[in-house]
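All chains, full assembly: derive it from the sequences and hints.
1 is the number of the first residue of the sequence shown in our numbering; add one for each residue after it.
Just so you know, the hints here were simulated from the structure itself, not pulled from any lab data.
Even for Gly, the Cβ is constructed at its ideal location relative to N, Cα and C.
Some clues are possibly wrong.
Stated by the list, open to error - Derived DMTMM-like pairs (lysine to aspartate or glutamate); straight-line CA-CA distance at most 25 angstroms: (1) LYS31 - ASP50; (2) LYS23 - ASP50; (3) LYS23 - GLU67; (4) LYS36 - GLU63; (5) LYS7 - GLU63; (6) LYS7 - ASP52; (7) LYS31 - GLU47; (8) LYS36 - GLU6; (9) LYS7 - GLU40; (10) LYS7 - ASP50; (11) LYS23 - GLU47; (12) LYS36 - GLU67; (13) LYS31 - GLU6; (14) LYS23 - GLU40.
What the hints assert, rightly or not - Ranges of calculated distance between the beta carbons of each label pair, as one might list FRET restraints: (15) THR11 - ASP77: 35 to 43 angstroms; (16) PRO43 - THR11: 16 to 24 angstroms; (17) GLY9 - ARG41: 19 to 27 angstroms; (18) GLU67 - MET29: 16 to 24 angstroms.
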Amino acid sequence: MTTAIEKSGLTQREIAQRAGFPKPNVLSMMKTGETKVPIERIPALAEACDADPIDFARIAMREYHLEVWGTLNLVFDPKLTNAVLLL
Numbered sequence: 001m002t003t004a005i006e007k008s009g010l011t012q013r014e015i016a017q018r019a020g021f022p023k024p025n026v027l028s029m030m031k032t033g034e035t036k037v038p039i040e041r042i043p044a045l046a047e048a049c050d051a052d053p054i055d056f057a058r059i060a061m062r063e064y065h066l067e068v069w070g071t072l073n074l075v076f077d078p079k080l081t082n083a084v085l086l087l
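The following block contains the structure:
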């Protein structure tokens, strides 16, 4: 997520506004691991950062929701799990 924010060329305030967060400090909290990226906000954050939503989702899920990500990969696509573990 930090990389996507830095590459976007936008301020955290601009990204927070575009992604529908009321305060930009929530992005700082996500970057430091103080709070998790809400799963339902992943698409909006990716769009706000002009990042690939699939890559953004993979990174966010691995960093903040590893158990959920692992389970989804096992259930829906075992090949994807192997590819993700190699990253």
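These are the hints, each one checked on the structure:
1. LYS31 - ASP50: holds (17 angstroms)
2. LYS23 - ASP50: holds (20 angstroms)
3. LYS23 - GLU67: violated (28 angstroms)
4. LYS36 - GLU63: Cα-Cα ~9 angstroms, so holds.
5. LYS7 - GLU63: Satisfied, since the Cα-Cα distance of roughly 19 angstroms is no more than 25 angstroms.
6. LYS7 - ASP52: Judged against 25 angstroms, a Cα distance of about 12 angstroms means the pair holds.
7. LYS31 - GLU47: Holds, because 17 angstroms separates the two Cα atoms, which is no more than 25 angstroms.
8. LYS36 - GLU6: holds (18 angstroms)
9. LYS7 - GLU40: holds (22 angstroms)
10. LYS7 - ASP50: Answer holds: LYS7 to ASP50 is near 9 angstroms, not above 25 angstroms.
11. LYS23 - GLU47: holds (18 angstroms)
12. LYS36 - GLU67: It holds: about 13 angstroms lies between the C-alpha atoms, which stays within 25 angstroms.
13. LYS31 - GLU6: holds (11 angstroms)
14. LYS23 - GLU40: Given that 25 angstroms is the threshold and the Cα spacing comes to 17 angstroms, the pair holds.
15. THR11 - ASP77: 35 to 43 angstroms: holds (36 angstroms)
16. PRO43 - THR11: 16 to 24 angstroms: holds (21 angstroms)
17. GLY9 - ARG41: 19 to 27 angstroms: holds (20 angstroms)
18. GLU67 - MET29: 16 to 24 angstroms: The hint (16 to 24 angstroms, Cβ to Cβ) holds, given that GLU67 and MET29 are roughly 21 angstroms apart.
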